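As given, the protein sequences belong to chains F and D, one line each in that order.
For the first sequence, the residue numbers in our numbering are 440 to 791.
For the second sequence, the residue numbers in our numbering are 440 to 791.
Calculated from the structure, these hints are not laboratory results.
Here are a few chain F residues that face chain D, going by a calculated C-beta distance under 8 Å:
| id | residue |
| --- | --- |
| 1 | Glu463 |
| 2 | Thr639 |
| 3 | Glu640 |
| 4 | Ser648 |
| 5 | Arg649 |
| 6 | Ala652 |
| 7 | Leu655 |
| 8 | Leu664 |
| 9 | Leu707 |
| 10 | Ser710 |
| 11 | Asn758 |
| 12 | Trp760 |
| 13 | Asp765 |
A few chain D residues facing chain F, derived, Cβ under 10 Å:
| id | residue |
| --- | --- |
| 14 | Thr651 |
| 15 | Met669 |
| 16 | Ile736 |
| 17 | Arg751 |
In this text the structure is predicted, and so the values were computed from the model without any measurement.
Glycine included, each C-beta is placed from N, C-alpha and C at the ideal position.
There are 2 protein chains.
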Amino acid sequence: MATLQAIKYNDGSLEILDQLLLPESCTYISINNVQDAWSAIREMKVRGAPAIAIVGSLSLAVELRKLATPETKKDLHLLVKEKLDYLVTSRPTAVNMQLAAEACVKLSNDLVDKASVDAAEAKDVIVKHLEAMLANDIADNLAIGEHGARDIAKKCGNKDKLRVLTHCNTGSLATAGYGTALGVIRSLHKANLVDQVYCTETRPYNQGSRLTAFELVYEKIPATLICDDMAAAAMKEFKIDAVIVGADRVAANGDTANKIGTYQLAVLAKSHNILFYVAAPFSSIDFQIPSGQSIPIEERPHSEMTHTGSIRTAAAGINCWNPGFDVTPAELITGGIVTEKGVFKSDQLVPV
Amino acid sequence: MATLQAIKYNDGSLEILDQLLLPESCTYISINNVQDAWSAIREMKVRGAPAIAIVGSLSLAVELRKLATPETKKDLHLLVKEKLDYLVTSRPTAVNMQLAAEACVKLSNDLVDKASVDAAEAKDVIVKHLEAMLANDIADNLAIGEHGARDIAKKCGNKDKLRVLTHCNTGSLATAGYGTALGVIRSLHKANLVDQVYCTETRPYNQGSRLTAFELVYEKIPATLICDDMAAAAMKEFKIDAVIVGADRVAANGDTANKIGTYQLAVLAKSHNILFYVAAPFSSIDFQIPSGQSIPIEERPHSEMTHTGSIRTAAAGINCWNPGFDVTPAELITGGIVTEKGVFKSDQLVPV
Numbered sequence: 440m441a442t443l444q445a446i447k448y449n450d451g452s453l454e455i456l457d458q459l460l461l462p463e464s465c466t467y468i469s470i471n472n473v474q475d476a477w478s479a480i481r482e483m484k485v486r487g488a489p490a491i492a493i494v495g496s497l498s499l500a501v502e503l504r505k506l507a508t509p510e511t512k513k514d515l516h517l518l519v520k521e522k523l524d525y526l527v528t529s530r531p532t533a534v535n536m537q538l539a540a541e542a543c544v545k546l547s548n549d550l551v552d553k554a555s556v557d558a559a560e561a562k563d564v565i566v567k568h569l570e571a572m573l574a575n576d577i578a579d580n581l582a583i584g585e586h587g588a589r590d591i592a593k594k595c596g597n598k599d600k601l602r603v604l605t606h607c608n609t610g611s612l613a614t615a616g617y618g619t620a621l622g623v624i625r626s627l628h629k630a631n632l633v634d635q636v637y638c639t640e641t642r643p644y645n646q647g648s649r650l651t652a653f654e655l656v657y658e659k660i661p662a663t664l665i666c667d668d669m670a671a672a673a674m675k676e677f678k679i680d681a682v683i684v685g686a687d688r689v690a691a692n693g694d695t696a697n698k699i700g701t702y703q704l705a706v707l708a709k710s711h712n713i714l715f716y717v718a719a720p721f722s723s724i725d726f727q728i729p730s731g732q733s734i735p736i737e738e739r740p741h742s743e744m745t746h747t748g749s750i751r752t753a754a755a756g757i758n759c760w761n762p763g764f765d766v767t768p769a770e771l772i773t774g775g776i777v778t779e780k781g782v783f784k785s786d787q788l789v790p791v
Numbered sequence: 440m441a442t443l444q445a446i447k448y449n450d451g452s453l454e455i456l457d458q459l460l461l462p463e464s465c466t467y468i469s470i471n472n473v474q475d476a477w478s479a480i481r482e483m484k485v486r487g488a489p490a491i492a493i494v495g496s497l498s499l500a501v502e503l504r505k506l507a508t509p510e511t512k513k514d515l516h517l518l519v520k521e522k523l524d525y526l527v528t529s530r531p532t533a534v535n536m537q538l539a540a541e542a543c544v545k546l547s548n549d550l551v552d553k554a555s556v557d558a559a560e561a562k563d564v565i566v567k568h569l570e571a572m573l574a575n576d577i578a579d580n581l582a583i584g585e586h587g588a589r590d591i592a593k594k595c596g597n598k599d600k601l602r603v604l605t606h607c608n609t610g611s612l613a614t615a616g617y618g619t620a621l622g623v624i625r626s627l628h629k630a631n632l633v634d635q636v637y638c639t640e641t642r643p644y645n646q647g648s649r650l651t652a653f654e655l656v657y658e659k660i661p662a663t664l665i666c667d668d669m670a671a672a673a674m675k676e677f678k679i680d681a682v683i684v685g686a687d688r689v690a691a692n693g694d695t696a697n698k699i700g701t702y703q704l705a706v707l708a709k710s711h712n713i714l715f716y717v718a719a720p721f722s723s724i725d726f727q728i729p730s731g732q733s734i735p736i737e738e739r740p741h742s743e744m745t746h747t748g749s750i751r752t753a754a755a756g757i758n759c760w761n762p763g764f765d766v767t768p769a770e771l772i773t774g775g776i777v778t779e780k781g782v783f784k785s786d787q788l789v790p791v
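All chains should be modelled from the sequences, with the hints used to inform the complete structure.
Take a look at the structure:
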């Protein structure tokens with residue numbers, strides 16, 4: 440079975456998996472223009488910073504392909520800028536859409552000044568630029584998957600079958616496709632090396648039980664869901680070989696900010712002599728940040744912890760602590776940091 | 440404010456807190472006879488093995504007090520035995536009700552043979568025996584609380600205020616009253632030693648967020664709810680002083696079976712240099728069991744993990760692992776095992 444695709448793009452036709460309907464229903468919706476993308480992003484039918492940027496960019500490609508070429512490159516530039524400015528307002532905090540918009544506006548502006556290119560050619564260059572984002576991102580994830588799978592297999596002494604544990608969702612539903620940590624697991628599975636994947640529920644937002652479990656079932660990768668308080672018991676009971684998680688941001692020294700619960704898994708992995716890996720695009724390494732201490736911890740709404748839908752699951756009046764992520768010290772990342780450029784020890788990180 | 444009472448008994452009048460309505464509503468229902476108790480236990484309006492045994496026994500005391508004294512002690516014995524046999528069928532797996540019934544039937548049988556006691560006196564002895572269970576259990580829990588609080592305060596160098604973390608529910612809602620681990624916390628609070636209690640959600644059944652949080656709010660003990668994957672981050676962020684949990688069973692060597700997630704908290708406590716305590720009645724120590732390896736792990740229904748009420752929270756088709764408890768090795772119980780007889784190191788456990 441093919442890898443689950445949350446974003447399907449083919450010759451100017453864009454469809455996305457409506458993540459609001461997961462895990463109940465697996466339904467794709469058409470994105471025919473920038474307005475459709477804006478609404479889908481705003482309503483969180485697509486989530487995850489890279490996925491948002493790619494869906495936004497592709498929606499502009501869809502529109503540009505259908506549009507008659509503007510009379511001048513200046514007209515084209517103004518149109519592109521207007522559409523991108525609008526897309527950025529869909530979720531102002533997602534920096535990836537902002538960065539993608541800036542890059543595309545710069546390209547379009549540069550083309551205005553390039554005498555050898557006419558308006559039709561300029562439109563074509565911009566469309567190709569936008570379309571390339573999806574392929575590039577998936578290619579990076581595939582490379583992460585291959586590097587990670589090879590390294591884990593080697594460090595586990597080339598065992599026949601491996602048991603791996605992952606946290607949160609880092610798969611097709613969080614990226615352009617294939618995934619980072621879940622991409623590594625996909626690559627291990629392709630190599631027939633997976634005995635069992637243990638995925639944590641990932642409270643309070645249940646990205647593990649809703650999204651990762653969905654992807655694992657979809658692709659028939661042998662998998663078992665556990666609650667977050669079962670991780671150590673599972674490590675001991677099932678003799679897990681490696682833990683693989685994603686990253687929101689990696690500091691220059693290798694300290695890694697990721698979904699809350701990651702730090703705890705790293706401590707538990709170390710105490711059970713289990714390899715611990717972080718998988719992320721090389722661009723997630725922020726060489727401006729010396730260590731994890733400089734990364735602020737975002738607090739999220741308490742309602743995520745006290746309610747499931749309309750059902751109250753916690754006593755009224757209880758105070759909550761709901762940090763969105765935590766920081767795992769570099770020394771606990773015993774396997775390495777897996778990127779599309781290879782697997783790095785935390786003290787080997789250098790800008791390239 | 441008085442301690443939350445889940446079981447209220449006064450001169451032949453019994454009321455219990457309907458736990459099915461928690462945390463939405465705090466409603467007491469009257470238990471007027473053995474039939475009422477049977478239904479309340481069967482429907483899980485009262486839960487927890489000690490609480491079930493006490494509610495069952497007290498319901499018989501209520502009935503006996505109202506009943507005209509049977510003509511003979513033999514008649515009384517047959518009546519008592521019939522009622523207790525019936526109560527045991529309410530939840531066959533709850534061994535405490537079985538043990539309580541056996542003890543009472545033996546007492547009643549012994550009284551038949553005792554020439555100096557008439558039927559009215561025999562009835563009185565049985566009622567007093569049944570009624571004593573509640574008071575004895577609460578007295579034991581109060582003693583556990585005092586021993587634990589004193590030991591924690593001492594081992595924490597008599598700090599002004601302590602930050603403690605607990606798991607699952609071990610309070611008034613799980614015992615006859617006051618509680619074991621939560622009893623220790625109540626005693627710390629009475630001594631004005633609590634800065635903050637961190638209580639884990641305790642997935643998948645949410646005993647922490649529903650029940651422990653309810654008790655802490657009810658008694659205005661400063662408390663914060665965390666998800667199970669936030670424990671290590673909380674230990675680090677808030678410099679927690681001690682972790683205190685209950686026990687389902689303690690083996691002769693000190694290995695302790697308790698709610699799933701306990702083992703993981705013990706590993707995390709050790710790695711953060713935090714004292715780890717188990718609090719339980721001395722009767723929970725099973726000297727017939729040499730070590731935790733002999734304790735089987737009960738698996739519970741997957742629906743606890745995949746649904747909250749009628750809301751699906753996990754992808755359809757995902758396999759689940761749902762062990763009810765895990766075993767914490769004695770060496771991780773760095774604080775000690777707190778009982779009504781005092782606080783013991785695991786290598787100091789001897790039958791008394």
